[in-house]
Amino acid sequence: MWHKTVAGFICGLITITLLPSSLIHFYRDLSAISAAFFITVGLTGWACIMTYCYGAGSAKAAWLRGLYCAVPAVLIYLIAFFT
Amino acid sequence: MFSKDTLKNLTHAHTWLGLIISGALMIIFVCGSLSFYRAEIHQWDRFHNFHKALPKEQTPVSHVIDKLQGLGYDIRFNDRVSIDLPSENKPFYTVFFLATQDGKRQYVNYSFAADDGRLLDLDRNQFFLADMLYRMHYHLYIPNIGFELVGIITLIFFVVLLTGLLIHLKKIISHYYQYRTNKAKDKYLDGHILIGVSAFPYTFMYALTGVYFNLALLFQASFGFAAFNGDFSELDKALGKPDAIQQTASGLTLPTQQYDALLSHIKTRYPTHQLTYLFSYGMTDKAAHVEVILRHPGSLHEYHRLRFALDDFTQLSGDITKHNPAQASAATFEALHYGTFGGDLMRFLMFLMGLACCYLILTGNLIWLEKRVKKRQQSKIGLRFVSAMTLALSSGVLISVAMCFVITRFLSEYFAMQNILVPVFHLSWFFAMLHAFVINAPRKVMVQQLIVAALLFLLAPAYDLFNGMLAIQPLLLADKAIWWVNGALTTMAILCLLIARHYHKGTTE
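Those sequence lines, one after another, are chains A and B.
Everything in the first sequence is counted per my numbering, starting at 9 for the first residue and increasing by one.
Everything in the second sequence is counted per my numbering, starting at 1233 for the first residue and increasing by one.
No lab work stands behind these hints, which were simulated from the structure alone.
Be careful, since some hints might not be right.
When the alpha-carbon atoms are kept at most 20 Å apart in a straight line, the in silico EDC-like pairs for lysine to aspartate or glutamate are as follows [said to hold, decoys possible]:
{"hint": "1", "chain 1": "B", "residue 1": "Lys1469", "chain 2": "A", "residue 2": "Asp37"}
{"hint": "2", "chain 1": "A", "residue 1": "Lys68", "chain 2": "B", "residue 2": "Asp1237"}
{"hint": "3", "chain 1": "B", "residue 1": "Lys1473", "chain 2": "A", "residue 2": "Asp37"}
The whole structure should be built from the sequences, with the hints applied where relevant.
Right, dumping it as structure tokens:
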């Protein structure tokens, strides 16, 4: 259960931080609306990703579920950061 | 909708997480629910020591500043002097500021009468109950990490809510009215689900706003690095925070009447708002600036922060709430969390919903404990300890809170409340744990502790009622704040008795 907690917490935080950040890197003018989006939808998303990880049957499955969310967010962020 | 395995995992997570955070969550919800009446508890607390209605003709704030300067403290230019302006619930001025005393920098507070500005023998720290309950609900009095810890507990509470919703999603409508009374276990489960589903929008809002308030620092820091490459001034701009105003003393002095003129200027500009707080930076220096907090009752954006130059009333930072999306979201969260936008009825409903969450914790813990007792392969002494701890941190917390009210009402003249209330709070639940450990029968212990909590909750209202009726202190019956607090305490006592009766029936059946 501790693995599920850590996987959900870390992958959730990475996802909800990097998605609005990518939006800011793509469109600088949207920084204010992205920050608001981060506060409202992002926090709920964090709890949802944690719940998704708790639904997994094992620690490995929980980390995989966490990575399903975090890896695309990291890739989008990298593209946004370097373009 | 979900596979059997997923539902099993979610149920396991719901139980495990719920049990881990239940103790802290109980403290957060009981103290938080009572904090809806924070101002009233201040008034209730002060009553036996001091009471006076708000005078029609109030002494101007300049008079208070004159008196404060007469006290001879060395206040630095950029240090804030806070002036809490008189209100219905607090009919006098309270001033607090950082000053050097005995070689140490520490906060000093003074109170001044609203009618003639005389110094009142009133230590803000002695009326500590309301502040203690409020602080307990957001940092549990755990030094250094308490604030963030409550944030993480709230995030886990959010997950507990979502897992609970998903477990029950398929039957959310069809089983909503199901309330089986044949077996005690079914009855608790049905009660838990019924209250959980009904209170979901409210609990969801509290989980979201709670995470935002307590973990803001953590996620804003990560956002600052990811989105703005560590440039926090850019982050502040995106979040709509006003720029820090750094000024230096000019050495020239303005008359203190400049404060009265500024306040009347603000009142003319914002006629529908109430002035609640005034923060002075620089006192009467020509370069001083003043921040005010205006309250707009009945609005979702209730509080507004404005900053002015004292010299010519130039507005240095304005009401950015409505223009910045992040600030507007934060202000909406604040209004929803405090529940003051909907008047007294709304506040009472939110208080009741807070208590409904306490019911969820009590039933959840009891279901888990009784299920656990039936499992054979486990350490008996370990189970006994976990059971005692769980009970102490559920029904024991109610005793702790009730004890704080009793001590405040009956012993405030003999002890410094700031020193004894927090130890009393913790000792009470510790004794509740010992009681549970000795008796070792979860349901019986919970019934007994709920009855004790109900009796303790009733002591102070009964004392106030008799005092008022016997005309010892007739004003007691005339004060709205005192009615609200005693009403809230009586409501808590009635709910404790109802739940105890409900469980007692379950025991006898």
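Tested hints:
1. Between Lys1469 (chain B) and Asp37 (chain A), the direct Cα distance comes to roughly 12 Å. Compliance with the 20 Å bound is thereby established for this hinted pair.
2. Taking the CA atoms of Lys68 (chain A) and Asp1237 (chain B), the gap is about 15 Å. The hint holds against a cut of 20 Å.
3. Between Lys1473 (chain B) and Asp37 (chain A), the direct Cα distance comes to roughly 17 Å. Compliance with the 20 Å bound is thereby established for this hinted pair.
Violated hints are absent here; each numbered hint is respected by the structure.
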